[in-house]
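Undergrad: So the chains spell out like this:
There are 2 protein chains.
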Amino acid sequence: MTVKQKLAERAAGVEGYLETCLHDRGIPARLLASMEYSLLAGGKRLRPVLTLSWARMLGGDAEAVMSFAASLECIHTYSLIHDDLPAMDDDDLRRGKPSNHKQFDEATAILAGDGLLTEAFGLMSAASIVKGLPADRVLRAIAVLAAAAGSGGMVGGQAVDMEFTGRDNVPLEELREMHAMKTGALITAACECGAILAGAKETDIENAREFGRAVGVAFQIVDDVLDVVSDTETLGKPAGSDEEMGKSTYPSLIGLDRSRELAGEYVDSAVERLAAYEGDEKDFLSALARYIVDRVS
Amino acid sequence: MTVKQKLAERAAGVEGYLETCLHDRGIPARLLASMEYSLLAGGKRLRPVLTLSWARMLGGDAEAVMSFAASLECIHTYSLIHDDLPAMDDDDLRRGKPSNHKQFDEATAILAGDGLLTEAFGLMSAASIVKGLPADRVLRAIAVLAAAAGSGGMVGGQAVDMEFTGRDNVPLEELREMHAMKTGALITAACECGAILAGAKETDIENAREFGRAVGVAFQIVDDVLDVVSDTETLGKPAGSDEEMGKSTYPSLIGLDRSRELAGEYVDSAVERLAAYEGDEKDFLSALARYIVDRVS
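Chains as they are written, first to last, in my numbering: chain A, 1 to 297; chain B, 1 to 297.
In short, the hints are calculated from the structure, not lab data.
It is possible that some hints are incorrect.
[Said to hold, decoys possible] Subject to a maximum C-alpha distance of 27 Å in a straight line, what follows is the list of computed DSSO-like cross-link-like pairs (lysine-lysine):
| no. | chain 1 | residue 1 | chain 2 | residue 2 |
| --- | --- | --- | --- | --- |
| 1 | B | K102 | A | K247 |
| 2 | A | K201 | B | K131 |
| 3 | B | K247 | A | K102 |
| 4 | B | K44 | B | K131 |
| 5 | B | K131 | A | K131 |
| 6 | A | K44 | A | K102 |
[What the hints assert, rightly or not] Which bits of chain A does chain B cover? Going by a derived footprint, with three or more residues having C-beta under 8 Å, they are:
| no. | segment |
| --- | --- |
| 7 | 20 to 27 |
| 8 | 95 to 109 |
We put the CB at the ideal spot given by N, CA and C, even for glycine.
Just need the whole structure built from these sequences, with the hints factored in.
TA: See below:
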């Protein structure tokens, strides 16, 4: 089985959970439809898969971790809905379909995002309350994820990204810091939380975090590269939009070839963090890190 | 000391905490300014005061509960920022000042709201991680608050409210249900979480919840009444806006006199839930419930 097939298999497990996790919560029909429109629009489910895989490699109970892993997809999805809004990136297309506010309306899209973000924390708490994981582990993971997703992390990164748009020649170091917040923090937290929920040692938690950090940078570089070299149909979102919006990107600052090379270097440093482990799960995480650089969408 | 003075004194304690709780978290300057612009714009701090007071009455450590209590104000504030957006209620004025998106811009206002909501859960977890409250209590309170603030609670209520706007003669029962979600759920959770964090018995937790539920309904009825009888300067937001937007309200459905009477009945039923307790804190909560009906803004 290729890593792409294995990722798809793992994603299908997450998908099954996501399909029902918002039911029976008293969510008004139209709001629920809007939340599920985006949550169930496909996607690689990379973040929950990372959480589950790190938890499993370190001896955790993947079934008990599932609700927490799913919360990462809720947070990722809410951020896409809000980023697509007219006042933000103003994107009409997402994963090959109309973006949430085009399919519904702006107010509903704002509320669907707010709802997904809030439900995410309910799903995190369920990992202990329903699934019996130790409360102190879950609470620590909640703190990590709140910091990563919040205004010093993902939300802050989006704010800085908007300030950068149209500004000429943002220095590479500032670009890296912005991406570390906007996309890196959540990927890093996905890995770190998997280790925390498994009850792993501090050195293992650090390996998970640093693996996630390196993978997160590589992921972003490849995203920038794909925006240049891919087409809209393959991406499921408008290709070339970075250049059109005047965004500084890795290719615009250091060129395509050096960008690809740099992504490879980050993946190498991620894989080094797996040296202490063995078995199928280690092999999967290693292949997954490589796949992030080789992917085409 | 009158209850209004005592509420102001308690609010000042919350204020002191709110003034620094977002510092040293790596939040980009402009985003932080936008978050604090709304978070520190005054307000009665009713929700955190209710959490602290219920915790104290039931033997809890108010100092340890403070970060959790503050999270309720972050959630309340984010909901006001998003509700004021052009795509939502389109309000230019909030607490006598330009609303967040007028003072900053729409994108920043959306992100400030997202940031405050996310930081709220970080503050909740700090009640255990920093202040040492038992993790299982804090986790239960997080689950209660996520459900109350989420798409089956506050966010869902706002979605239903938007569907109601412009619709003629919404039945009183549907209006009550919408308000129970939109404003009642958070007030209810404020009281319930105070009891949970104090480590109270289930019967005490139920009393806190039912007290909050009744106070929440009374609070909303009085809000509707004030929108009719008060003026913009006293309210700090445009008076008469409900009628202008074609919203069904308690006064529009059952008249001003019956609305006032009904608010009084709900407060009576709230105060009944305090019968089992005694002391200063019980007296304060009782007076606070009465004050909610007698307030002018």
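Undergrad: Hint by hint, note whether the structure agrees.
TA: How the hints compare with the structure:
1. B:K102 to A:K247: At roughly 26 Å apart (the allowed maximum being 27 Å), A:K247 and B:K102 satisfy the hint.
2. A:K201 to B:K131: holds, 23 Å
3. B:K247 to A:K102: The hint holds at about 26 Å.
4. B:K44 to B:K131: The given pair, whose Cα atoms are some 25 Å apart, holds under the 27 Å limit.
5. B:K131 to A:K131: Since the Cα atoms of B:K131 and A:K131 sit roughly 25 Å apart, the hinted pair holds (cutoff 27 Å).
6. A:K44 to A:K102: holds, 23 Å
7. 20 to 27: holds (count 4)
8. 95 to 109: holds (count 4)
Figure legend: structure checked against the earlier numbered hints; every hint is met.
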